[in-house]
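Asker: Using the sequences and the hints given, assemble the complete structure.
Protein chains in written order, with the numbering used here: chain A, 5 to 381; chain B, 5 to 381.
Everything labelled a hint here was simulated from the structure, so no lab data went into it.
Just so it is clear, the structure is predicted and the values come from calculations on it, not from any experiment.
There may be inaccurate statements among the hints.
Put simply, identical chains are the same to the list, so a pair is met inside one copy or across any two.
Listed next, the in silico DSS-like pairs over lysine-lysine satisfying Cα-Cα at most 25 Å (straight line) [to be verified]: (1) K273 <-> K47; (2) K307 <-> K42; (3) K91 <-> K115; (4) K47 <-> K307; (5) K375 <-> K47.
There are 2 protein chains.
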Amino acid sequence: MNLYFDFNATTPLRAVAREAWLRANEAHWHNPSSLYQKAAEAKQVLELAREELGDVLGCEPERIVFTGSATESNNALFAQLSEKLSKDKRVLSSSIEHPSVREPLQRWFAKRVTLVRTTKSGEMDLEDLATQLARNNVALVTAMAANNECGLLHPWRAFAERCHEAGVMFHTDAAQWIGKEPGDEMGASDFITGCAHKFGGPKGVGFLVLRDEREVLSHLRGGPQEQGRRAGTENLPGVVAMVAALREAIAERETAACRQAALRDEFEKTMRAQFPELRIIGEGAERLWNTSMFVLPQGDNRKWLARLSQRGVAVSTGSACSAGHDGSSVVLEALGATPEEMRRVIRVSGGWGSGEGEWTALAEAFGEVGKDLGVGG
Amino acid sequence: MNLYFDFNATTPLRAVAREAWLRANEAHWHNPSSLYQKAAEAKQVLELAREELGDVLGCEPERIVFTGSATESNNALFAQLSEKLSKDKRVLSSSIEHPSVREPLQRWFAKRVTLVRTTKSGEMDLEDLATQLARNNVALVTAMAANNECGLLHPWRAFAERCHEAGVMFHTDAAQWIGKEPGDEMGASDFITGCAHKFGGPKGVGFLVLRDEREVLSHLRGGPQEQGRRAGTENLPGVVAMVAALREAIAERETAACRQAALRDEFEKTMRAQFPELRIIGEGAERLWNTSMFVLPQGDNRKWLARLSQRGVAVSTGSACSAGHDGSSVVLEALGATPEEMRRVIRVSGGWGSGEGEWTALAEAFGEVGKDLGVGG
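Answerer: Below, the structure written as structure tokens:
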């Protein structure tokens, strides 16, 4: 058995992305910044990819800077803004952001970061956001679009609106949103972070959307690539593969959203039948259609993971970016879970085309492991 | 006709690199930081790649951090050292470094950078280096291993020795050296920069070698990947493709060094026969076996490039990282060339397997364009 339910950690490469990558390496591997015909063609292919991504995100292509990862995009943005903004300006964020937002924020803004309260369901509290926007000398709000752990969808449009009313910039890390949820209004955010390997594109490619084409970025200095905003030879094969993957993910999105959510809900029903005390995080709230995060009634989550792994089942204790540490969940912590509860949390995240049989087998595997561990009904 | 002689800008993907990338995306696309069996396998493949690269460079694998590019490696290193070193410490460098060294050095050390004199042939002057090492409060010397423009090989081993005698750290940007020249003693440098697309690996992958496994790097913060030294999901397919390409480049290296240098020399002889006033940069000095840079007796180099491009010939005016600007050459400037001479410079850089027929056709193309432009004998 081979059941992969860790799509929020990373995804297999889509065939269309593989083909696009191979084609680019065949026909357009030349340095887009060079001055001969083939280089000019490569440059053109790169700009077409930028235009297509701009269409998908609802933003001008000139706003897009291709990067190596969502982590790079987040780090680059905060480093840049910390240089640009006066030293009395503050940043609002929440306690449930991804480490690649939390850590560079801490590095570059430290005590100038205020955490907006989260609601009981785990999202940034709009009322507290309004209060903080009025009170503090705020220059930027950063809030993720969809949570990587429990899949909670955040009202980023509302956040963006409040920010703009207050004359404050809004950044959203949309790594988990893009390709799964409707993306064509994302351009309303001033800054957007995304990366390819979360929707079937290759690893090592991401992007950062800036406010406009004049906005400076200077975390990687050297050559004049990306209009001087990110030095280094352009990863054209990676970029076109990312865009090809996104095109397909979006084409599959609506069907997946409907079908997968139903399968995920059915899975949760079966899980609750097996483990009546199961606590599902974000149940009832708007969530990504592929994600289920829950606290098992008993047993260390690493024990569960190991036994599931023996059965060929891949799930996680939370984010791969914090797993390997103490396995704790930022979201659960924000929701007031005890350390003991955090050691019992599991995240399951399916794909655009996960089959009914796979979801059923997944629930069964949990049932079997539960029996092994003496847990459940 | 399709003559590619711009290998110093970028290289086509080697078949072995393509296969390694495809295989990794097939079998090991899982997140190496996750906790199930397939993730553990991916992690193991990643560490094997690190070991192989360590062997090639003559350094402990623990010293290697995989990055997204040589530009990233350089920027990350200088940012880190500027945080770590006390504010009175100085850095020695030279005027012929790549922009991805010069610009972050300027950003992070500004007036604390001293440029060591270059010799007439264009390399860092060992005598002046010794003087500067004795005089200044120097913490770091950074000098490229092989020049990207004229191909000049720098005595980086001697630089490293002088530095270590003086208790000073030594960094070499070896992006053009690795895969072309013997690399197994590179580990003698404290810090080494390299990237895949200069030797037939994929774009968007590079590495930075640090002094030891305890050395901190924190330019990208977030998840705990790369032992906490570079956050972001590991680009395993890119890394294994890079190592596969390097393995092959090194296997071909000795034969290429012998055969290509002879072909290059023959090309230069023909060029001089066609253009008696041709000035070859670094002639007589130790150069990369694939590179020839010269000042044509007449005609703007962009005119030459355009006409060569029409004939399917890809060469450059210098580095792609500075082309697109004013086309000037850092090396030529350092060697005291006039702005007028700089507008007549062309760089030709072949591959490991460029054929005799290709080199001959290249010289002929120059001859034909010369006739068009009314230049030459």
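Asker: Kindly indicate which numbered hints from before are broken by the structure, ordering the numbers from low to high.
Answerer: Result: hints 1, 5 break, sorted rising.
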